[in-house]
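If you read the sequences in order, they're chains A and B. Final position of the first sequence in the numbering used here is 423; the numbers increase by one with none missing. Final position of the second sequence in the numbering used here is 1201; the numbers increase by one with none missing.
Everything labelled a hint here was simulated from the structure, so no lab data went into it. The C-beta atom is built at its ideal place from N, Cα and C for all residues, glycine as well. One thing to keep in mind: the hints can contain errors.
Facing chain B, according to a computed beta carbon distance under 7 Å, are these residues of chain A, among others [what the hints assert, rightly or not]:
hint	residue
1	E315
2	A316
3	I327
Lysine-lysine pairs mimicking DSBU-like chemistry, simulated, CA-CA at most 35 Å apart [what the hints assert, rightly or not]:
hint	chain 1	residue 1	chain 2	residue 2
4	A	K216	A	K170
5	B	K1156	B	K1040
6	A	K377	B	K1043
7	A	K275	A	K114
8	B	K1181	A	K103
9	A	K216	B	K1093
10	A	K384	B	K1156
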Amino acid sequence: MSREQHYFDHAATTPLDPEVLQAMMPYLKEKFGNPSNLYELGRTANRAIVEATKTIAEILGCRPDEFVYTSSATEADNLAILGVARANKDKGNRVIVSQIEHKGILAMSEILKKEGFEVIELPIGEDGLLNHLELEKALTPQTILVSVTSADSETGTLQPIAEIAEVIKKFRVKNSSPFPYFHTDASQAAGYIDLNVDKLGVDMVTLSAHKIYGPKGIGGLYIRRGVSVNPIIYGGGQQNRLRSGTENVPGIVGFAKALSLCEKNKKTEYARIKKMRDALEKGIFKSIPKVVLNGHPKLRLPNFVNVSILDIEGEAMLLYLDELGIIVNTGSACNSQSLEPSYVLTALGNPYEFVHGSIRFTLGKTTTMTDVKYVLKHLPGIVKKLREISPLNLDLNQKEKRNEKTRHNKQTYWKLLGLHKTS
Amino acid sequence: MLLEDPKRAEYDSEGVVGSPACGDVMRVWLKIDAKKDKIKSFKWRTFGCASAIASTSMLSLMITEKGGMKIEKALKIKPQDIIKRLGGLPDRKIHCSVLGDKALRAALNDWFKKTNQFDRIIVEGTQVIDPNTKVTEADIEEAVLEGAIDLASVQKRTKVGIGYPECLPKVEELIRFYREKYFGPEGHNSPPAPSLKLREG
């Protein structure tokens, strides 16, 4: 079946760039060698990895040996959290993350708790931002790791990573300790932010290839020299023993190519995409009543619009749009495996009924103004149709009312942690 | 499908299930032929995913085709019957279809109440009331049977609504319902501490 496609789900995954595929092709075909082998075929594969790593290291402003390839951003997150926690068990037992981390991080907290660690999930403000004052309150000399995403994958809100890094650095100086380490998952933000690790002030960075027009099945973790990490996968000792398993050579080549293309076009793409995003956002608010923007109004990745359209359900909207070839995503429970609505949108203080009506547009390289206009032409009609059959009439100010409660809950939360005294 | 809420005179009973917080709400209005004990007309509104909308729509068709359905027969409609008529639903969407027949039963219960046919009222068993704690109606029923006849004591047993206060009105309604069912409308024969204020429902 071929029909017009208007892809607005670049936060889920992106199409493979033809140039990337071209770069990968030889390593899928004739240059298929195992990079661990000494004969020419193996050395060719190894050279490709060395070259790719050099490219990535240059973009990150790090040394090539500070980067480890993984099968995904999830694995990189796992390695950062579990690996650091296990390697530094004797230095402390507190790990601090934000409430809106990727599941690759949040899922670790259960495992860490079993291993005797204490995991603090920092609450997020209504604007989607982590308040670094709250981080200051949670930092203790036992804290070995802090992980805050650069931009979450639902609203694209950009966290103040450099500011948070400052707080952590001050804390380290005060305690004359190298801890806590600071990790950020930048897989969603890559391609739009400056990835220089020193400017970011981080010790570890998670990246993923398929979010930046690279292949699926390859990601990586930057690990600053001196940060001790235990592997989570054991075997033949590849990649400095940090990640055993034969390297995904075509993936690695594609990853490096994709990242360098993104870096090259960053400035122009940023401006082009932001212009279209703003037009889409404005258009939605102009043509549809009772809409709430999710995430920070300004400090956001240029390709994200996440809105809650009240009184209707996201998945019904998604399918109507799909029928027209418009591909979007929703935080509605109906769309998830778990039947729970998006935890990120809920963490921002949204009532469940708002989250169910959320719809996320994420633009990308292939998006054009024609796509945006097409959406704006059809979305209001779909919303109207679904509202006509909906028995609901929600109160736009419900969020405000709810948030008074959230604020109260947050205070209680801090009191429970016994942290209010330190403020 | 309805584009405007019907006026009181246009229907005989109505039923609502679900909550916006849970992601599905269905509201149905019925017109009933009392003599023939038949549903003549079925109007609905649904907030929910495509499967939920499709299920309600199909249910309304099943009820009203062939000149309306006998109440006895309508009461026997199961989610599986609706799914079958729809030509199947993906596994993770099955739960979206269970509200249709519940809404229908709610509307029929409303009819039974209005027409003093209390013996015909159907009690739902397994709807999850609080998505956080997964407390079901059956859990509430059990708690009431065990003597927890007000919200505080039911909460003590089930933790329902703690952290999800939105479901509390529904819980209170259920407590009232089961209390009346098992202990009589005015709290006669009720276990100790029946000091409850009955609200007009």
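Hint numbers not upheld by this structure, sorted from lowest to highest: Structure breaks hints 3, 4, 5, 7, 8, 10.
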